[in-house]
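Just so you know, the protein sequences line up as chains X and S, in that order.
The first sequence lines up with residues 201 to 506 when you count with my numbering.
The second sequence lines up with residues 62 to 484 when you count with my numbering.
If you're looking for bench data, these hints aren't it; they were derived computationally from the structure.
Glycine included, each C-beta is placed from N, C-alpha and C at the ideal position.
Hints should not be assumed to be uniformly reliable.
Computed list of lysine to aspartate or glutamate pairs in DMTMM-like fashion (alpha-carbon distance at most 25 angstroms, straight line) [claimed, not checked]: (1) X:LYS217 / S:GLU473; (2) X:LYS342 / S:ASP371; (3) X:LYS346 / S:GLU437.
Away from chain X, derived, C-beta distances all over 12 angstroms, residues of chain S [what the hints assert, rightly or not]: (4) PRO81; (5) ARG198; (6) ILE206; (7) PRO247; (8) ALA466; (9) PHE470.
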Amino acid sequence: MTDVKKTSGISRRTAVKGIGATLGAAAFAKAIAPLTSWAANQSIDEFLQKHYQELTPAQMQKVLKRLEEDTKKDYGAEVTITDPKPQPGVKFGYALNLSICVGCRKCAQACHVENNHDRKSGNSYIRVLEMKKGSLDIEHGKVDYKGPVPKSDSFYMPVQCQQCDNPPCVDVCPVEATWKEKDGIVAVDYNWCIGCRYCEAACPYHARRFNWTKPEIPQEEITPVQGYLSNRVRPQGVMEKCTFCMHKTRNGELPACLQACPTGARVFGNLLDPESEIRWVLENKRVFVLKEELGTKPSFYYFFDE
Amino acid sequence: MNKPAATLPPPHLSHLNSYPRFIWRMMVLATEGNWLFYAWMIGLSAVALVGLNAWAIQVTNGMGVTNMSDHVSWGLYIANFTFMVGLAAGGVMMVIPAYLYHDDDMHDVVIIGELLAIAAIVMCIGFVVVDLGRPDRVWHMLPGIGKFHFPVSMLTWDVIVLNGYLLINLHICGYLLYQRYRGRRPNPKIYVPVVFLSIGWAISIHTVTAFLYQGLGGRPFWNTALLAPRFLTSAFVSGPAFIILALEAIRYLSSYKVGDGAIRILVNIMRVTILINLLMLASEVFTEFYTGGSHTAAARYLYFGLHGFDALVPWIWSSIVLTLLAALLLLCPKVHKHPVMLVTACCFAFAGIWIEKGMGLIIPGFIPSTLHEIVEYTPNGIEWRISAGIWAAGLMIYTLAIRVAMPIFSGEVSLKKDIEDHA
Numbered sequence: 201m202t203d204v205k206k207t208s209g210i211s212r213r214t215a216v217k218g219i220g221a222t223l224g225a226a227a228f229a230k231a232i233a234p235l236t237s238w239a240a241n242q243s244i245d246e247f248l249q250k251h252y253q254e255l256t257p258a259q260m261q262k263v264l265k266r267l268e269e270d271t272k273k274d275y276g277a278e279v280t281i282t283d284p285k286p287q288p289g290v291k292f293g294y295a296l297n298l299s300i301c302v303g304c305r306k307c308a309q310a311c312h313v314e315n316n317h318d319r320k321s322g323n324s325y326i327r328v329l330e331m332k333k334g335s336l337d338i339e340h341g342k343v344d345y346k347g348p349v350p351k352s353d354s355f356y357m358p359v360q361c362q363q364c365d366n367p368p369c370v371d372v373c374p375v376e377a378t379w380k381e382k383d384g385i386v387a388v389d390y391n392w393c394i395g396c397r398y399c400e401a402a403c404p405y406h407a408r409r410f411n412w413t414k415p416e417i418p419q420e421e422i423t424p425v426q427g428y429l430s431n432r433v434r435p436q437g438v439m440e441k442c443t444f445c446m447h448k449t450r451n452g453e454l455p456a457c458l459q460a461c462p463t464g465a466r467v468f469g470n471l472l473d474p475e476s477e478i479r480w481v482l483e484n485k486r487v488f489v490l491k492e493e494l495g496t497k498p499s500f501y502y503f504f505d506e
Numbered sequence: 062m063n064k065p066a067a068t069l070p071p072p073h074l075s076h077l078n079s080y081p082r083f084i085w086r087m088m089v090l091a092t093e094g095n096w097l098f099y100a101w102m103i104g105l106s107a108v109a110l111v112g113l114n115a116w117a118i119q120v121t122n123g124m125g126v127t128n129m130s131d132h133v134s135w136g137l138y139i140a141n142f143t144f145m146v147g148l149a150a151g152g153v154m155m156v157i158p159a160y161l162y163h164d165d166d167m168h169d170v171v172i173i174g175e176l177l178a179i180a181a182i183v184m185c186i187g188f189v190v191v192d193l194g195r196p197d198r199v200w201h202m203l204p205g206i207g208k209f210h211f212p213v214s215m216l217t218w219d220v221i222v223l224n225g226y227l228l229i230n231l232h233i234c235g236y237l238l239y240q241r242y243r244g245r246r247p248n249p250k251i252y253v254p255v256v257f258l259s260i261g262w263a264i265s266i267h268t269v270t271a272f273l274y275q276g277l278g279g280r281p282f283w284n285t286a287l288l289a290p291r292f293l294t295s296a297f298v299s300g301p302a303f304i305i306l307a308l309e310a311i312r313y314l315s316s317y318k319v320g321d322g323a324i325r326i327l328v329n330i331m332r333v334t335i336l337i338n339l340l341m342l343a344s345e346v347f348t349e350f351y352t353g354g355s356h357t358a359a360a361r362y363l364y365f366g367l368h369g370f371d372a373l374v375p376w377i378w379s380s381i382v383l384t385l386l387a388a389l390l391l392l393c394p395k396v397h398k399h400p401v402m403l404v405t406a407c408c409f410a411f412a413g414i415w416i417e418k419g420m421g422l423i424i425p426g427f428i429p430s431t432l433h434e435i436v437e438y439t440p441n442g443i444e445w446r447i448s449a450g451i452w453a454a455g456l457m458i459y460t461l462a463i464r465v466a467m468p469i470f471s472g473e474v475s476l477k478k479d480i481e482d483h484a
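Make a model of the complete structure from these sequences and hints.
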């Protein structure tokens, strides 16, 4: 030890350490090399973008413009992205008639197209359960049913985000990337979510979907009318969910799943409007909600005709 | 310096002078050792780099390169994270006898446990970061510039307690080592209150981590009040088990004296905690299977398989067998006198808890899913590589910490000797 220290100039030990450090640094650079292509696609503006609720209208306009340009660049599609706000005096609710749902899954397919889901995964915010008559216990449901529908011994229960009044997913988010809007819709800021997936674990309805990869959609299949908080093409690594087609419903249209339903099993409307159809259903039908015992207070109701 | 200081330490040497010397000395110590040390460190570096490379691939191509899905949205990373929190909490099991019961044998080696806590917390943070879909947005969680959803989100509590525990242990270890290096008696006023804080804090890190799962009403497998106590007892098995292994390794590989007393106390702790752990397991299994009903589907999946799906069954039974064997070995009256038997018992206990508090806890929470779909999960190469990388990085930190701490603690390296050497 001591004679190494006293040697003037560079000792052998120091030289070996130096070579080791150089090799280590080179190996480190090689190991993180895949990150360079990823980093090249990240912009400073996107990195520094503020939370949705903190953006001023002017900043929001810039963000929307940037997102439109990015969609053009990444997917070749001309899209219009807006940020429709909740209307005063509106709280959205959904009801579904289990007596007439035939389990055709047109709703799930319409959702897939409308919301610009990744084509390969065939994702949708809606899952349809085929249930044996005689039980409402979803343990006895099946999502991967095949063959002609409806089967005589079964009924069908589509499940999507219940837009809970007491949403567990919102409580658990560590960065407030998901919250409840004034019209009852639980929204996600795709540019704020860190991708921890705690909300997905917390949701009792399997209503959340994660972007495990960058969504792949052919240019001509991209739905061009988009909302910042709803159906715009999501970035890789963030959570998403049903927004009751906010970009349509906040402009007075109906959600895509309802428009696609061939039997009229779906009822959508303003829970605060006593004249609305949904209020009529709630007042005149036997209505129930899923997993009521969890205290999530869904705004999504199920009913039977008799 | 014209005259080497004969008495220690020279009163004129201020912190401004001695602290940089201390840091430098630690860095020199950390890069010196015998061939075994270099081989071990090079091996760990290689594994860590392989893990780093796998993580870079994951960030670039998305979490889709893992085997996780919307059904099983947490996998090997969070399983390891949960286990690692226990290891960090278990590190404190040396602190309690040392400071609460003034056990002298423990005082000499208590830093081994505290350094383990530091390494384990760094690994915890690593496992959480690699589980994020957007690690570039971690700053969104910083209070002030981001949005910290405190006190509602249990994850924010976890961030606070884990980082707090890291700082507490860094303070204790850093202070004790620096004072030893200077040849001074550590001032109890500066560190003993922090030691007591660390005991309570160790309980809190595992309780909060259990609450993370326990608080989810939609996941019946986790939604049990027994989760936090079970976390703690298993932590107080795995922590001491790892420390015993580290002490035996130090005994075997170095000239430092590790007292029998310390190992005996750790064995006694494990004897009690491993039995309480088994009792709680039995209690939970009884509730699940005697009551029946749909909420037991996850437990049925875990222990016996469900509708033909049984990926976890061999895992959990090997965990139970390993834990039982460890308990039997530990109950032998003279186990602490037989290194091979003791090391075997500790390895069995450690592996048993790793399975139980890892894959055995996290995965059944997702199977069946909340809509009762069964989608199975087995970690893939990327996930194993990243996890191995973090383990390697953690072991590097722990090895270096012990490599630096032991000579300073034993007095082999000190400020006085350094000054004399340079004179």
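### Query
Can you name, in rising order, the numbers of the hints this structure does not satisfy?
Violated hints (numbers, rising): 5, 6; every other hint is consistent with the structure.
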